[in-house]
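Starting from the structure of chain E, add chain H where the hints point.
Protein chains in written order, with numbering that gives the first Met the number 0: chain E, 0 to 459; chain H, 0 to 161.
Bear in mind the hints are in silico, worked out from the structure with no lab data behind them. Each residue gets a CB set at the ideal place from its N, CA and C atoms; glycine is no exception. One or more hints might be untrue.
[Unchecked claim] Just a few of them, taken from the derived set where beta-carbon distance is under 8 Å, the chain E residues facing chain H:
(1) Asp-35
(2) Gly-39
(3) Val-50
(4) Ile-52
(5) Gly-53
(6) Pro-54
(7) Arg-66
(8) Leu-68
(9) Ala-69
(10) Phe-153
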Amino acid sequence: MSGISRVLIANRGEIAVRILRACIDEELETVLVVSDADRGSLAAQLADRVVCIGPPSATESYLDIGRLLAAAMGTGCDALHPGYGFVSERPELSEACVEAGIAFVGPGPDAMRRSGDKAAARAAARSLGIPVGHGSDVVGSEAEVSAVADEIGFPILLKAAGGGGGRGMRRVDRAEELRGAWTAASAEAQQAFGDGRLFVERFVGRARHVEVQVLADRHGVVVQLGHRDCTLQRRYQKLVEEAPAPDLPGSLSSEILDAAVRLVGALGYESAATCEFLVDQERQTFGFLEINARLQVEHPVSEMVTGVDIVREQLRIAGGAPLSFRQDEVEVRGHAVEVRVNAESPEQDFMPTPGRIETWAAPIGTDVRVDTACFPGWTITPYYDSLLAKVITRGADRKRALAMSRDALRRLQVEGVETTARFAGDLLAHPEVVAARTHTRWIEDEFLPAWGAENARGAA
Amino acid sequence: MTPDGSAPIELDQAVVHALLKAFDRSDWLEMTVTIGEDRLHVSRRAATEAGAANAAEPAPEETASPESVHAEPAHATPEPLTGMLIESPSVGLFWRSPSPGAPAFVEVGTRVAAEDTLAIVEVMKLMNHIVSPVAGTVRAILAGNGARVEYGQPLIAIDPDA
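Chain H on its own, in the form it takes in the complex:
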């Protein structure tokens, strides 16, 4: 027992689960928690090396069914994800071009200026333009054209200009 009479914290399954959830919701790159002799280390750097598709699947316990709202793993890039992740502002449909058949707003490698449109997230015919907050280069496109996306889901990775 601790001096104040409460039970000591242990790195049991529930605590680890809670810590991972907190990390998942944060924008931290790494987290290290030491309790007694136990140490938990989590890093997004390692995860990105496994492929960008993982970043597009924030809830892997939910399997993708035909009407799944999760994006299909698309445009996976083997390179580590650096730079900035542009997240979806809403639930909706992800569109890469202004209209069917039109050229995509951007491709991997496209140079963009701040405020350039990168993609569209459609919510019931309402077209939300996803604009780049910075000037840079498109590093990865993390959702497929027409994919159903959720709020907060990473859509595009940008390498900002130095």
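So here's chain E without its partners, still in its complex pose:
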């Protein structure tokens, strides 16, 4: 067992602080890379050593694999944790670490390619008999669409292969509508993207986003830490995550957990992975969506209900150690909710609001965890994402966890930048959220129109 002793943290913001904390707990030395804009960050103040690798622009700093490796080798690091985002899912980084003799805290390059490529991951799932989100590859003709539709059943969604944003997208409820919808969607896609190709997906009206946290070590042991629900999203950006997923019928729950473990096990994977599924509440079925081959933003909710420190386990795995616990020791206790508080103005269509944080006070307690890199005097620059903090609460049950979260959001004191805290508090108080009856487009379709109308007056 080789072990590791000095970790390069190749990220910024709250996740850099989170990784630092895990390194301290594992008695590992820390070297943090920073851009010129982050020299004074919280993580930079806490790290054993700081290396400035480039200007504020992420392409010349946090996204530049060469610079990350140069910093790791120049400071004698024997491990590299990529965090999430930036280059965390680039097989080239994992590969460069292997070549440099540095333990990458994540999967090896081949396992990352197998899991990161959506088509390959879906094929792997299919070969294991795991239901895959119903859909097709690119379809060339109306006849082909018709055949796919017969197979997966209406309603279906036609989507442009060449781009997103709703252009070239059509919902088709019946076979008779197919010809007209195909022609219109294809023409629209051609006009918008110069590419008229379409593909087909099953339309899921009330979809919930459920994902499974998996950890795998180098010795072939794969465990799951239960599931999370990340249904509350805005434009595919998760806003609220919780664990466990509420209202999952027992059989569906165990099928999803089992599918995730089998899939990750089949990929020769090590470290943390998340398997994402779409759960169709009306049909009571689930389909595999994709694997995230990295630590995820919402990992704390799984930590809160299982007591497992996922980042520490990642570091141990990277050093060659076996997982510190067995599957039968994992018990999901209570319920945890995470709310992302962003430096954005919900009243102005969530426009980012960079600026200097004048006041910062977070209501931290045993069951209230706030993962953040903020402190009074820190400036939120416009170069990176707008995440200020993750407010995580744990209660005996879901109702209590939601109430604690609303309370924590009310007590969070931030001055200097606008935040989404009040918006999130209102969101958690909504009866549909309390009853877990939302779906992935519910915030845009139902909550925001009403909330916006009410709060536009207040803002005026």
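Same frame as chain E, but now just chain H:
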């Protein structure tokens, strides 16, 4: 208390630390801050007289260990640093010549034209040529050959032609 109810600013340790950090990150030559009867004056002019090596050590609290990314103090010149400091565009290795054993691109005193290569900063086999933005004379070379350098670290001082 001030009229708006906030506490008055004092030149305490934290404030001085914050001011020094702001100065360190700026390109100002001097800064004077007066709060009440306290006055803080900082100048880079004085610092350069202490030797160019100081300029190559922007974070003196970090001691240089064998794998330190900071440059070893090298080619210190007793003359005051005037002119223009050329900073590293990246973390990497500082090379003074195009290949091992080859003559250095420049020495102290070399006359250079704008766009002349002064040195190389290597990032994982990627050679970044450091070119002079002006015509002038090399006044000092602030990092040793093969030194590990950081982004923003001064590498070479040039006296521009008048």
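Enumerated hints in conflict with the structure, sorted upward: 10
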